[in-house]
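Take these sequences, add in the hints, and give me the full structure.
Below, each chain spelled out in residue letters.
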Amino acid sequence: MKEILAFIQKEFWHIFRDRKTTLIVLVMPVVQIVLFGFAISTEVHNAVVDVVGDISDPVVQRIVNRIDVNEYLELGRILNSTSEVEARIRKGKSTAAVCFEDGFDKALTAEGKATVSIISDGADPNTAQMVTSYVSGVISSEQLSISTRTAGGGGATMRPNVQLMYNPAMNSSYNFVPGVMGLILMLICSMMTSVSIVKEKELGTLELVLVSPVKPFWIILSKLIPYLVLSAVNFISVLLLAVFVMDVPVNGSIALLSLVALIFVGSSLGLGLLVSVISSTQQTAMLLCGMGLTMPTMMLSGLIFPCESMPVALQIFSDIIPAKWFIIMVKKIMIQGAGISSIIKELTVLTGMMVFLLWFSIKKFRTRL
Amino acid sequence: MEANEKTVVIRGLVKRFGNFTAVDHISFEVSKGEIFGFLGANGAGKTTAIRILCGLSVPTSGEGTVAGFSIKNQQESIKKHIGYMSQKFSLYSDLKVWENIELFGGIYGLSDKQIKEKISSMLKALSMEDARDMFVRDMPLGWKQKLAFSIAMVHDPQIVFLDEPTGGVDPVTRRNFWEMIYEAASRGVTVFVTTHYMDEAEYCDRVSIMVDGRIEALGSPSQLKMQYGAVNMDEVFTKIAGRPGKQQ
Amino acid sequence: MDDRIAIKVEGICKSYKATRALQDINLEIKSGELFGLIGPDGAGKTSLFRILTTLSLADSGKASVEGKDVVENYADIRRTIGYMPGHFALYQDLSVEENLKFYATVFGTSVEENYDTIKEIYSQIEMFKDRRARDLSGGMKQKLALCCALVHKPEVLFLDEPTTGVDAVSRREFWAMLARIKASGVTIFVSTPYMDEAGLCDRIALILNGKIIGQGSPEEIRSRYPYKIYAARGENMFNILKTLRPLDGVVQCSSFGCECHVSVSEDGPGEGELLSVLDAAGINGCTIEPIEAGIEDCFIGLS
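Protein chains in written order, with my numbering: chain R, 1 to 369; chain D, 1001 to 1248; chain G, 2001 to 2303.
Covered by chain G, according to a simulated footprint, are these stretches of chain D (three or more residues, beta-carbon under 8 Å):
#1 1036-1043
#2 1171-1177
#3 1188-1199
#4 1226-1238
Simulated crosslink set (DSBU-like; lysine-lysine; CA at most 30 Å straight-line):
#5 D:1032 x G:2242
#6 G:2129 x R:199
#7 D:1144 x G:2211
#8 G:2017 x G:2062
#9 D:1144 x D:1096
#10 G:2129 x D:1239
#11 D:1116 x D:1096
To be clear, the hints were calculated from the coordinates, so they are not data collected in a lab. Just so it is clear, CB atoms sit at the ideal spot from N, CA and C, and this is done for glycine as well.
Here it is in structure tokens:
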């Protein structure tokens, strides 16, 4: 037992004597939360929207008014033809334009349908998508009020009949807090563990420790425990930040959330151990963790792109990423307030992953070099 | 050896790191075509001094020129006109022999035509024509060492710095390597070399021994042996660097 | 020194992909002996050490330490040996004292318990016990690494290139320490690339390209040298070498410090002949005298 304690103590010395490591471990979670929360916010504010069409047309005028008062959109110029739109967008003077056909109101009342098109800057697809959906939202709310007014008269449609997924609050912190939590736990557990083991390989100290009478299993355990402790600290700090700074609620049980996090940390430690078995230099370990674990986690876990919109092959691939299951569960527990019964499938998958990864990497971790 | 042509002139060189003086007022000259042995115990300041001479570090005070360029403000020119080879041989083991030559030729700013000529002349001089397409990692140690030495001189520098070039190398390879050094020196290249093998110190034209940042002894091996009443350089070194209390 | 065998190596072979690191190695090291494995980098020294310290497995052959097989009884061996890998396996960000305490604990003992074993060496670096290992000089690192390997009173001590990259003075001090450790009854198996350290061992094995090219006591190996050997001294060593090497009957001609060692076969030239050849080539003022072969001469001769 004394041997293990000496090991763990030494591991903490390594972490806290290297200012960079300490910084990464303790400050990174805060920085990430702040970064995602404020700087990389996916919300759109005051996007300039130009209008092409006959401003004297009553329906057009009502829509323009709605754009003007919308808190996310700002009315740009009223243009005479669509040919001016491109130049304005290219110069960055506006982000989108709404083009109404001539005689819009007449077409709407007479034929029951009228054409409106939205042009936006595809160079920035995220913003474009966002702005387009705001504008379509504005149009369809107008459509709704026309329909209500002409109710019984067969209704009126405006083309395109944009389908809308509109979240008026668009609170992106609901999305990123679980994601960042997954990312941080993953980084701390996999990268730090693997780098600390590989560093000892490079230094030759692992050689010396391995020839000691201490069983390799205990060596592994004493490498994992410090990072388990650190991830607990990070888990708590991210949670506190989320609740008190980002106003993200914890609707479900904290105990369940902690259990889920523990299982995820276990599987990440297993991954870290696996990386340390494969790599012989710190650079390889870093690259493997950075490119091999973190990038797919960001891309495939639904942190940036929703999994549903990915090709089927990638969706299947994303299933083998532990972070995906963790993020789904955290969302369910924190935001929907789900209990254990509704996450049982995800929980089983993640637990299975953890058991496999730990078993496999400990088996692979050789008693010899 | 043209006695009045100096490749290295160093006057009162000092390098401090905070309170620690790594190099403490050292002065020496090295003539063209001379083999100059730069010896000292671990931590005596050898590496720091060499870094300054190679233009990798700026001295705290002192003056000096290497290959005619000032160590204070012409570091970039120094780097272009010297060759450097370390214990690790600094070759790319995953590149082929000719690729290594091409790479370093390119780094030292040779033209494509010059590089082409260098590749063929160097391979010929090393009798490695058949090894042209061999990966450096597959070569025997002795070949690697010779190749590294030739590559360090791919741009025909006036002076070449060799930092423990023979550490851990077998006796035969080590001797062959020194014969290459002699040949280079006889062509007028100045050779500045550090080593832990005291028998190699005997091969140098002149030797300096650094202790605690200062040059404690400087002269030809035979002069030093006479001065310290020693039969070989090993004894000279022990007498100078091994005085009690000097280490810490 | 008794006649018990401390380390036995029988027909050990080891390959890494295409490289044959060790080829049929056979060694017997007696209890209480200071045995040197001498050879250049890449000769296979570290591979052999790793097999004997149970860190890697041989492809074929058998080896035992203190009668325990390195494969079957590896856990027992790990308790009885001390190992100092190349490049001093120290935690750079831990202090001298912390390193020592850590290794003591890991090997199931404490510094206090075995202080006597390391006292002599540790007392030389104890004044720097709060200094981080990375800030130590080469000689001090070496001493600390030796303390760490000795702290659990091992019966057999494996030292893999303990003097590489360390200056001549520290090297000499280190060998003096080894002699004292040996006197306390510890078997020492040490590897080195420095030929001049061979004379300090009881027995040695010369290793090159994975093969043992000679073994025995240093005197035995030297007496087995088959040629007469002369030392030539003169102003220009390079010219002497070039002049003498092509002569008939000169087997080997290499520089050794300030002299040139010329090995000649039975019917080869004698002192007088060599001198006259040098004179004829215009190299004057040389002296030539017969000498005894050194280990380095033997190594060159055997390689």
